[in-house]
Amino acid sequence: AQTVTQSQPEMSVQEAETVTLSCTYDTSESDYYLFWYKQPPSRQMILVIRQEAYKQQNATENRFSVNFQKAAKSFSLKISDSQLGDAAMYFCAYRTNFGNEKLTFGTGTRLTIIP
Amino acid sequence: SQTIHQWPATLVQPVGSPLSLECTVEGTSNPNLYWYRQAAGRGLQLLFYSVGIGQISSEVPQNLSASRPQDRQFILSSKKLLLSDSGFYLCAWSVGLQAIYEQYFGPGTRLTVT
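Residue numbers (this note's numbering), protein chains in the order written: chain F, 92 to 206; chain A, 24 to 137.
Heads up, some of the hints might be wrong.
Once the Cα atoms are required to be at most 20 angstroms apart in a straight line, the calculated SDA-like pairs of lysine to any residue come out as [as the list claims (entries may be wrong)]:
{"hint": "1", "chain 1": "F", "residue 1": "Lys193", "chain 2": "A", "residue 2": "Leu34"}
{"hint": "2", "chain 1": "F", "residue 1": "Lys193", "chain 2": "A", "residue 2": "Ser88"}
{"hint": "3", "chain 1": "F", "residue 1": "Lys164", "chain 2": "F", "residue 2": "Leu175"}
{"hint": "4", "chain 1": "F", "residue 1": "Lys146", "chain 2": "A", "residue 2": "Tyr124"}
{"hint": "5", "chain 1": "F", "residue 1": "Lys193", "chain 2": "A", "residue 2": "Pro37"}
{"hint": "6", "chain 1": "F", "residue 1": "Lys193", "chain 2": "A", "residue 2": "Ser24"}
{"hint": "7", "chain 1": "F", "residue 1": "Lys193", "chain 2": "A", "residue 2": "Gln36"}
From chain F, some residues computed to sit far from chain A (all C-beta separations above 12 angstroms) [claimed, not checked]:
{"hint": "8", "residue": "Pro100"}
{"hint": "9", "residue": "Ser165"}
{"hint": "10", "residue": "Ser167"}
Hints were generated in silico from the structure; no laboratory data involved.
Backbone N, C-alpha and C fix where the C-beta goes; we use that ideal spot for every residue, glycine too.
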């Protein structure tokens, strides 16, 4: 079974600075997808960025980018120019490319933005 | 554009009472639908998923059940709630755009069993 590990329960960053959130996963599959979701205080899960495992190029979405290391099974999220609205819980998630498209989530990292 | 609705937003129920949470999706056809539960301070756990009307798969054995009476309606039920059923319940949908099946979540229901 796949597992997703987020080893940083809490992180903080000064506004306008850069922060990196860590995520590692365990799988025996070669074809899969990885996602970062943001959960603000409203608790609605918002998709931030996705990465297809067959793509070597790291995904980017505006101020959000990932560092995908397939061999190391690592998938970190970098947030540049942090803004107050980035404060939230961030969840890393894995989805197999076979079967029911089930998402396996990590336990999350709470990000605090310091003004 | 697609939207997903969940209700109620919050619910307080006594142990042993029944439960019905509803989720509806607008703006898409034949979506895959999912129910997740998030316990306090933890990630999300998939409870049920459905690829079509009447087709339900359970991921975790428990006293909850799910039904999909219409294409864009997904219902989570229980005949008798347990204290351990407290949590935040999220419904999600996906469609196979480019086979990626990104999942999009509703606003959630906070359930407290007393």
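Structure-based check of each hint:
1. Straight-line distance between C-alpha atoms of F:Lys193 and A:Leu34 comes to about 27 angstroms, which puts the hinted pair past the 20 angstroms bound.
2. With a CA separation close to 18 angstroms, the supplied pair F:Lys193 and A:Ser88 stays within the 20 angstroms bound.
3. In summary, the hint linking F:Lys164 to F:Leu175 is not supported, as the alpha carbons are separated by about 30 angstroms, beyond the 20 angstroms threshold.
4. Annotation: proposed proximity of F:Lys146 to A:Tyr124 holds, straight-line Cα distance about 17 angstroms (limit 20 angstroms).
5. Straight-line distance between C-alpha atoms of F:Lys193 and A:Pro37 comes to about 31 angstroms, which puts the hinted pair past the 20 angstroms bound.
6. Taking the CA atoms of F:Lys193 and A:Ser24, the gap is about 24 angstroms. The hint is violated against a cut of 20 angstroms.
7. With a CA separation close to 29 angstroms, the supplied pair F:Lys193 and A:Gln36 exceeds the 20 angstroms bound.
8. Chain A draws F:Pro100 into its interface by the beta-carbon criterion, the shortest separation being 9 angstroms against a cut-off of 12 angstroms.
9. Interface exclusion of F:Ser165 from chain A stands, the closest Cβ pair being 18 angstroms apart, more than 12 angstroms.
10. The Cβ of F:Ser167 lies farther than 12 angstroms from every Cβ of chain A, with a closest approach of about 17 angstroms, so its non-interface assignment holds.
Hints 1, 3, 5, 6, 7 and 8 from the earlier list are contradicted by this structure; the remaining hints agree with it.
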